[in-house]
Each structure stands twice: as structure tokens, then as C-alpha cells.
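These protein sequence lines are chains P and Y, in that order. The first sequence begins at 1 in our numbering and counts up by one. The second sequence begins at 465 in our numbering and counts up by one.
Hints listed in this document are in silico derivations from the structure and should not be mistaken for laboratory results. Since we're looking at a predicted model, the values are computed, not measured. Each hint should be verified, as a subset may be incorrect.
Unchecked claim - Straight-line C-alpha distance at most 25 Å; calculated BS3-like pairs for lysine-lysine: (1) P:K365 to Y:K969; (2) Y:K1002 to P:K366; (3) Y:K1002 to P:K274.
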Amino acid sequence: MFLSELNRRDWLKSLGLGASAAALGAVGLAPRDAAADFVTQKDKTTGKLLDGSQAVPCKLGEGGVVRPSAVVPTISETDVLVVGGGPAGCVAAISAARAGAKTTLVERYGHFGGLATGGLVVHILGHWTKEGDKKVQATQGIGEEMMKRLEDLPQGIVNREFGRNPTLDAEAYKYLLVEMITEANIEVFLHSWAIDAIIDDEPSPETGNPVVRGVVIQTKLGPKAILAKQVIDATGDGDVFVPAGAAHTQRMYNIGLPYRIGNLDRAKPEKGGKRARFLGDVTPVPGVRWVNMTGPSLDGVDVKVLSELELKHRKQIWKQVQETRSTPGYEDVYLMETAPQIGVRVTRVIEGVATLKLDEARAGKKFDDCVGIGGAWHGDHIGWQIPFGALVPKNVENILTAGRSISGEPLMSDVIRVIPNCWVSGHAAGAAAAVAVQDGTLARAVSIPKVRALLKEQKAYLGE
Amino acid sequence: MKRSKKPLKSARPNAAPPLKPLEPLNSLQPTKTLEAVKPSKTTQTPASTLPQPFEPAKSTASTLPQSPSKRRVSLRRLGVWAFRFAFLAATLGAFVGGSLEIARAAAQTSPLVFLVALASGAAPFPNATTAASGSVGVFLVGASIFSAIVFALTLFKRRFYCRFVCPLGTAVDAAALLRRRLFPRRFRFLRTGFVVRSPGFALFFGTLTLGSLALSLLFGVSFAGRSALELDPTALLSRWTLDFPAFGVLSGVFLTAFVASPLFWRFHVCPCGALQDVCFFGLRRFFRRRVAAKIAKFNKTDKTDASLPPPTQATAPVDGKPTDATERTGLSRQIAPTFPAQKPTPAPVDAETTDATGKTAPASPLEAPTRRRFLRTLAVFGLAVATLGAVRRWSARVLAATPFRPPGALPEDAFLARCARCGRCVDVCPTQVLRFDAPSDAVKTAKIDATETAESSENADVANDEPTADASVETAVKVDATVKTSPLSRPAPRLVFDDGAFCEKDCVACGTACPTGAISPLTLDAKKRFKIATVEFKIERCLIYYQQECAICRRECPFEAIDFVWNEEEYASLPVVDGEKCVGCGRCVAFCPGEPIFQEFTDPDKFDADAPRPKALVLRPTD
Ligand SMILES: Cc1cc2nc3c(=O)[nH]c(=O)nc-3n(C[C@H](O)[C@H](O)[C@H](O)COP(=O)(O)OP(=O)(O)OC[C@H]3O[C@@H](n4cnc5c(N)ncnc54)[C@H](O)[C@@H]3O)c2cc1C
Ligand code: SF4
Ligand code: SF4
Ligand code: SF4
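Sequences are here, hints too, so could you generate the full structure?
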């Protein structure tokens, strides 16, 4: 049974009632048993600072492990909270921050870029589209800005010619993201794993849906709360919208582990000899190539699966590199690096107000709430409109999603999930959240014309 | 050759002038000729020769003016010519741009098309069975009935189609007529008569035509019969504006008609003519055994005319005078030198003998041919058979490279027989996957990769010096080399999965547009189940095999026939095509990016990202 089949209450139960009570408490709508002073962050009765370090341990009882209730300290209050610092999350945060919203970015690892850096998925597929006989670059705005700025970095990006799919350097991109995120004055929480959503105890008066008020992150010092007016779940796996109770579907998909090999510039393939197979594709660094992996199709949020695959994949990678080295002419090739982040492609996908369908995308379906144009892998089909509705969960307020988890049919996922399209959906989510904060509306009710105006101001391409 | 020239020379001066005015109109007479001719033919043993050609013609010519109902006869002649020209005009007009229905009806009258269609299992009247209503439907049914009548008459009246209906026959006769009008004697010095008369030619072309015809009827249209069909007069006419080879053949036909004789085409080359003779004489032989005695008698009497060559002669026109007459009258010349010649050995030998001896030496089979003659004959025959074999092998190869027919197409043979190459389906195909032409340049073809050589080129690829982009280009070129069109014609339309072309899932345009039923008008449902081709997956060309990101084929398949299946051995999830679901629409092939180019090992200046790459998905014929 997947989490998708659990309702919100079950989910809360599964985490332990205490956590949810604490979460609610943290928002200031205190449950009676928690005695925290939310201004001083101290326990009302003991006067002790509630920094989480003295979190109450879980207890074994009644046939299971129970997490007792505890207060979660709030470490930040912000306008737009973006969870997940992958391609989608970073663009969302930058867009919102540039629009003037106070923006916070949470990332579980120590770097930005998600799969595009930590996952060593460095090939930028899909920012071209075919319009008639011409190729048009659908990915503009912040995504294009990133590619441009990578171009200015030494060995930042390669194959940037018209119509081609470039490849970026993971380290250059990590660096660039740091630069852009600090430039935009974004509050950053790294090494912070979002573990829960914070829900207002009053449902939205307009829609009757639960309203997300923030996120609980896991840190070395225990769980912390971050409160926000709008939340964007850019974790790719719906780590926030799932606990928030958003309707979603759970998918299995290929899970691989890319790696990089070096010294290819020293390779001297023998004339007429066998061609090495595991050579992957170029990177901007001479002699370095990245090697992808499809992997088996499994549940990418199941920790057992992920652990097993890490072990298996690492063995395989070693084998593959040895095979390459044993090919005459490739003896100097070596394994530079395996991806620190396992390559999970698609897991949980939101059930949005609108759902992208492959046939409609191919047919060029138009949406009134179009907030972006997605591209094709090889510029081989027309651009497809991304409706704002695909970022909005059906049944929860003030949380948007971006990146690979936006609402789409299974076959559409492959088009949605590529890096440039994640940039585009991230850009849309960031702009929409900023406008919603500005206007004080629910995310779902945001003024689309304003969002589009803001996107255009930020040079996004909306098909006109 | 030398020999044949001689008689010609002597013959011409005598015969030409007086007969001139009558000749064109002689078309009528053949019926009569026929009667006279047949018997003599029948008497012949299968191995030997045919009846006397010009004899009847001549007699007709001479008797005509004296006939009491002269006016009626010339009126009849006029009528026949009027009909022939009207038919020719309508056919040409329709082929060149007018009504498709008329064009189709005209083509269908050809006994060759008719019979081959029957033999290949197609319903005899495609026009009538095609869904058409209203006046068009009535016209088509009428046209079918007409073609049936023509065919029936062809069985009983020798060369009926040839003489009265065939638009090319009319055109060729007109050319000959025009020549005689314009230059009554002008070309005598050219001495082209041998072209028509030479038994060598007759043997060669006869073996070729009849052989390919026989092959087509025995083994289906796929082999040499295909070339016979492409030489069908209506097929040639229908294509002459579209297709250079057909234009070339037609030019040749007219040229020989003009400088030599319309008979060359009629009796040596035209497969339709050969077929008519086969049908006619076959039937005769079958039904007329009982009149054998009568015929023998007839022959005897006939021989009394000393000026005429003996009935036993194979190539009647060898004789001087008659030849000339024959040549001019064209139509009335029912004598088919070809037919006898086609009989493997004896006939030509006979002919040679005759030829050698000229007018004076009536050859009898008993008179043994010299060894040299025999060998020469054998050589010509061998040459013809070898040519036939080559054509057969060649056309089989062409077919192997062009296996994909539009959804709803009849089985290959029936399709080829019925298809008029009218091009209507090609015009309506929205994705332009349906085409006449073979892919012209290598770049396009890399994506098609439909032929066997692909296999060998692959090996070549592995053994290639360096894993460069150029290697893949080379593969593409090799593949291209095997895809060729017939040199004689525009081929029947086929699907060329090229340039990202594929058969659209929700389209039945071609079947709906096809006027002949060569492509059945399918319902959308049926179309979605119609298997055009089978998809084969070539693992060593798939991006995933080389550890690059791809899932395009699965996404693009409109029938959800492709899934990715984990392959522990290759340590990859690779595409697997479900043969049940896949209809071979080619969409996945169109979108498959194909074998990766190893950029790092390619000279950056030479690196061409858009270079053609062999596809990992390849379409193969379904069987
Ligand atoms: C093996 C593989 C090969 C691929 N090949 C290509 C390719 O060639 N070209 C291409 O364009 N695309 C490719 N993709 C797809 C593409 O890389 C990803 O879909 C894209 O990076 C997704 O971006 P995202 O921002 O939506 O999610 P992600 O890149 O997954 O980013 C999510 C971020 O959120 C963080 N995060 C996750 N959960 C939490 C949490 N609970 N708390 C805090 N932070 C969290 C992650 O650490 C990560 O930084 C490939 C994907 C894989 C797996
Ligand atoms: S069904 Fe349509 S797309 Fe397919 S070959 Fe016929 S006309 Fe072309
Ligand atoms: S597998 Fe390819 S050829 Fe077969 S139905 Fe699907 S797209 Fe068409
Ligand atoms: S589209 Fe071609 S390269 Fe891509 S997965 Fe399918 S077969 Fe492989």
C-alpha cells in the first residue's frame, strides 16, 4: 500500500500524532498539551530553549513505535518557501525572490541543482521545439539565463549551438546556483530534509480545503518549522504535498545511477578495434564523460529499494568501468565519480486541477492559464502549454508543485521531467507564489494575467 | 540481319504505293484475317510456327475495293477508327489530368491487367467493387462490363484488344500512318525492316515477354511479371507524363513505329500482345482440334499461291512484298512472328532457314538447319533466358527493399496488379509517408534502413576504425544503395518511413481515395488493426544500450506497443515491442534518435550533430 492511498489523517497518524500536534502548535494555534512560548521559543513551564535537541525520544509500546508529542521550534517565517533545490526549486526561488517576495529555499543536501548536479544528469534535453519548419527555443527566462551564465564560466557548458542540446558541468552549475541564489537574497537551509507539512487548523473559508502554512524540516538539531505564506514543493517526490494530504498518484519508474569517467582525452581507440560501450556522453570538461543508467523500474520512495539499488548499481558501475578499461586504447580511463544522489526519475505526481496529456500536448492544446511552454527532447515536436492548473493540487491550498511532480499522464512524465521543462514549471510556480503573496490570495486563485505579466517581465517564453 | 535486309529492299518498291490509302483502314479486316490465319496456325505443331500473316491482309486489301458494299465497309472502318481515336483521346486525357474514373476504366480494359489481377486473387472488376455511388458508380460498373466484354472478345477474336481498343495500338498505328503520309519512301534506305522481321529479335523479345508473363502468372506478380505489367500499354500511357522511364519506353515504341513498323512493339515487346496471342491460340487449340483436317486442307490450297511463303514459316514477314504490306498496314498484320518465335527452339530455326533462303526457299522442319544456325539460335534464346533471370533476380531485390504498402493494401501481388499508379493516395497522405519515389539521398535513408544490407553494414560498423560519426553515415549510404525504383516505371506507392514520416494513427485517407480498390477503404477501427510492418529492435543502436537517456519510442508509439523491460544482463531497461499491439505505423522509427555519435572522438570541425544515425528500431515486412 502506497502513501498515495492514505488520506491525510492516516498519514499524520503514521508519523505519530505528536508530530502533527507539535506542528499545529508551532503555527501558534496551540494544542493544549504543548506549552511552548512561540515568541521566546522556550518551554512555558520549564523555561528551557526549545531547540529540538531535547526532542522527546520515540517510545516502543502498544505493539509499535510511537513518537510522543513535542513542540517544533520555528526557525523562519517567510513569504515563499521553496522545498527542494533542484532545477525546478532553484528557478522557483530565484523568480519569487526577484519578484520581491521574501523567499526561503530548503534542500536536503549541501548543494543545489538536484539531479542535474548531484544526480550527474548533466544533459539538458528539451528546450527546443518545432514550430513549422523552424526550431524555437521554448526555454527562456531564468533557465536560459542560467545557460548563458554557464557559458561565461570556463568549462561550464558545451554544445550550446542553435538547435542542440547542451551539456553542463555539474560543478559549474552548483557554483552558478550558489551565485544566483545569494544574489537574489534567498534564505537558504541546506542539509535540511523536509519531513512534514504544516497545516492550518482552519480549512480555507473559500474552498474548505486544508491550508498549508509551512514545512517541518529535519536537521541535526531535530525538527524545525518554517512558516510561509506560500509553499512550493520542488522535491520531485512530493515530500511536502503528500503529507499535506494532496491527491496524487504513485508511479514506478527507472532508477539509475549515473557516473563520470575521466581521461578519455588519452584514449586511443584502436583502428578497426572494438568500440567501448560505456562511454556515455560528453561534458564540458575535456576528457570527462558522463555515463547514464536507466536501471530497473521500481518505487523510488521506498528506502529498501533505494538502498538495494545503490549497492547493485555501484557494483555494476565498477564493472562497466573495468570493461571500458580493458578495451584496447581505453586503459587510462578511470571512474571519476558516481552520482552522490541516486537517479530517481518519477515517483509521486500530483493530481492537479489540470492534467497534462500527451495527445493534447502533441496537438498543441491551448490553456487559458498557460504559464509556460514546454519543449521537446530533440526539438522534434511543437511546444506544449503548461497550464497553471497542473501545478495546483486539487484539494490543498497554498502549495504548488514544480518540476517532475507536476500533474501529467504517465507518458507525459517523460516530457515533463527533463531539466529545461523543470526550469519552466519552476519559474511559473515561483512567479505565481510571489503574486499570490503580493495579493494575499490563495495560490489557486492567483491572478493569471499578473503571473503571466511577471513571467514575461522575467523573460519567460509564453508562446507569443 | 543481312539476310533480312535483302528481302526488304526488294519488297518495298513493289508494294508500297498502291496500298497506301487503304492501309490505315484495314483495321477492320483483321477479323477476317484471323479466320484465315488461325487454321494454319493450328496445324502447326506446338514446336513450330504460326500462320501466315500478310496473306490475308493482302487478299483483304485487294478484295476490299471490289466489295459491293464498299460504302458500308468504309463507313464501318470509319466508325472503328473514330472509336479507337475517341478511346485513345479519352484515355490520354484522363491520364494526363482528367477524370480518374475514365483513366482507370481505360487501364482496366487491358487483358493483361485484367488477367494478372484475376491470377493474383483480386476480384476481376475492381472498379465495380470499389465503393462508389451515383453516376460514378454506374460508370464504373459499366466500365467493368466493357472490359469483360473486351476480354471475352480477345479470347475469340485474335488480337481484338490490340486492334480495336488498345490506346497505344491506336497511337502507334497513327504514327506509322503519319510516317507513310509524310515520307512515303523516305526511310527506305534505312532498312529498318530487319528490326521487325529478324527472327533473332523475335526470339529474344518473345522469350522475354512470354517468359516474364508466364512467370508472373505462375508465381505471382512479384517477380519478372512485374516488369511485364509495367510494360502494359495502358500502364505505360498512364505514366508517361509522370515518369521518365515510361516516357523513354514510349518514345522508343513510337520511334520504331515511325521508322520501322508498329509491329515491332506489337509482336516483339508488348506483353499484352503476347498474352492475347497465348489466350487466343491456346483457346483455338483447345476447341478447334476437330477442324485440324480442314485446316490442313486450307493450308494446302493456300500454298498454291506461289508468291506467298508457305504457312509453315515462322516469321512470315521475312518475305519481301508481304512484309512491306504488313508493315504499313500494321493493324491488319495479325501475323505474330513473335509468338512462334517464343517457342524455345524449333520456331526460330525455322525462321532462320526461311530467312536464309529468302523468298525462294520454303523451309520445312525436315530440312535440317546447319549447326551454326542452330547454335546461334540457341545463343539468342540463352541470352533471353539469362536476361529474364537477371530481371527476375533484380526485381525480387527491388521488392525486398520496398515492402511497405499502405494500410488496407491488398496482398502484394494483388496490390501491384490493381494499383493504377494514379497517385491519388499519395496526394492525400497527410504525413507524406506514402510516396512513389524511393528515397533519393542517403541522408534521408538512414532512417529507413529497411533492407538486408543493413545487417552487413552493421558488422562493418563494428569493425570500423574509429567510432566516428562518419561510420554511421557510411552505414546510411550502404543502406541507400539497395533501395531503388524500377528503371522502367514509377513503382506502386509505398510507405517511405523517412524524414520523420509515419502513418498517422487516425487516418484512412489513402484507402478512401484509392479508386481501384488496390487499397481498401478501411474503417478507422480496421485501419488501426491493419499491420503495415513489423518493428525490430536493434539493441546495439539504442541510446540506452550506450547509457544515454532515451524513452522516445515508448512515448511516441500511439498504440502503446512499446514498454521498457529490465534486462539484467545488459543492465538496462530496454524497449520491447509488443508484436500484438504494434501495427508498424513507423512513428517510433521516425522519432528514434538512433545510434549515438561519439562526439569526443570526432574531429570537432567535422562533427555534425544532425548527421543521419542508424535507427535502433527498424521496420521489416510483416511476413
Ligand atoms: C538517471 C537520470 C537521467 C536523466 N537524464 C536526463 C537527461 O539526460 N536530460 C534531462 O534533461 N533530464 C534528465 N533526467 C531528468 C532530470 O534530471 C530530472 O527530472 C530533473 O532534474 C528534475 O528536476 P526537479 O527539480 O524537478 O527535481 P530534482 O532534480 O530531483 O530536485 C529535487 C531536489 O529536491 C531535493 N529534495 C528532495 N526531497 C527533499 C526533501 N524531502 N527535503 C529537502 N530537499 C529535498 C533533492 O535533494 C533535490 O535537490 C534524468 C533523470 C535521471 C534520474
Ligand atoms: S493511412 Fe493516411 S497516413 Fe497512413 S499511408 Fe494512408 S494516407 Fe498516409
Ligand atoms: S511500435 Fe512503432 S511501428 Fe509499432 S505501432 Fe508503435 S509506433 Fe507504430
Ligand atoms: S527511441 Fe530509439 S534510441 Fe530511444 S529508447 Fe527507443 S529504440 Fe532506443
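Hint by hint, here is what the structure shows:
1. Between P:K365 and Y:K969 the CA atoms are separated by roughly 18 Å; this keeps the pair inside 25 Å, and the hint holds.
2. For the proposed pair Y:K1002 and P:K366, the alpha carbon gap of about 38 Å is over 25 Å, so the pair is violated.
3. For a cut-off of 25 Å, the pair hint linking Y:K1002 to P:K274 stands: about 18 Å separates their Cα positions.
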